[in-house]
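Chemist: Residues 1 to 190 in the numbering used here are what the sequence shown spells out, letter by letter.
Honestly, I wouldn't trust all of these hints.
Heads up, simulated DMTMM-like pairs for lysine to aspartate or glutamate below, C-alpha to C-alpha not over 25 Å straight-line [unchecked claim]: (1) K83 - D115; (2) K121 - E33; (3) K73 - D115; (4) K83 - D143; (5) K80 - D66; (6) K121 - D163; (7) K73 - D143.
Listed next, with one range per pair, are the computed distances between beta-carbon atoms [claimed, not checked]: (8) N100 - G32: 14 to 24 Å; (9) D107 - S70: 15 to 25 Å; (10) V144 - D180: 18 to 28 Å.
The set of hints was computed from the structure by calculation and includes no laboratory data.
Note that CB positions come from ideal geometry on N, CA and C, so glycine has one too.
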Amino acid sequence: MANRAIRTLVGVGVIAGLGGLAPAMAAELPQGERTIYLLETSGEPHEVGTVEFSTGGNGGMTYTLDMDLSVFKDFFLSMKEMKCLEGPDVWCFIPYPYNNPHSVTADDLRWLEHDLLFMFKEPQTFGANLWNGIYYAMEVDGDVIRGQARAVDLNMLASPPDDQTVPPYGEYDISEFDADKRWLPMLEIR
């Protein structure tokens with residue numbers, strides 16, 4: 001009787017141990033149309049558009065981005081018309097200006113991150129300061145894609161990248177961002 005109890009416990013231990021060795025489930029991208037929100041530090045959401053995900057090649061997905069420009073105001077900054085949200089900061093959408101395959105995987109959302117670039121400025125400042133760029137570093141969290149604002153210099157986009165098959169902003173171009181001091185430090189796609 002004692003041997004049987006030991007075998008059962010050992011069997012349970014082996015099964016539990018094997019479960020610990022099983023590969024972790026990879027995150028999956030949501031499918032279909034999802035809404036894009038920029039969130040205030042308080043969590044208050046601002047709906048700015050939609051993105052539709054559909055099955056693509058190589059285990060990834062393609063997407064179609066549709067920004068709702070009716071929620072943005074027209075600003076004329078540094079001799080350019082920009083679409084901006086107005087709040088404690090002015091938050092301007094900066095469309096990625098070069099070829100983009102509009103493809104993503106759950107582990108690589110860089111093209112979508114490049115399609116959702118913004119620039120902020122304080123309301124009292126004059127002109128557009130493209131070094132105040134916002135890059136939302138994204139990750140899949142269940143059925144939501146969450147993004148945290150990071151700082152980038154959008155002047156880098158003044159000329160096309162040498163290799164347009166690779167997103168130009170890499171880890172060394174993106175820096176920390178003082179989220180507590182800015183209006184819309186988070187993004188959610190749900």
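Chemist: Could you run down the list of hints and mark each one as holding or not?
Modeler: Hint check:
no.: 1; hint: K83 - D115; result: 14 Å, holds
no.: 2; hint: K121 - E33; result: 31 Å, violated
no.: 3; hint: K73 - D115; result: 19 Å, holds
no.: 4; hint: K83 - D143; result: 29 Å, violated
no.: 5; hint: K80 - D66; result: 21 Å, holds
no.: 6; hint: K121 - D163; result: 30 Å, violated
no.: 7; hint: K73 - D143; result: 31 Å, violated
no.: 8; hint: N100 - G32: 14 to 24 Å; result: 21 Å, holds
no.: 9; hint: D107 - S70: 15 to 25 Å; result: 34 Å, violated
no.: 10; hint: V144 - D180: 18 to 28 Å; result: 22 Å, holds
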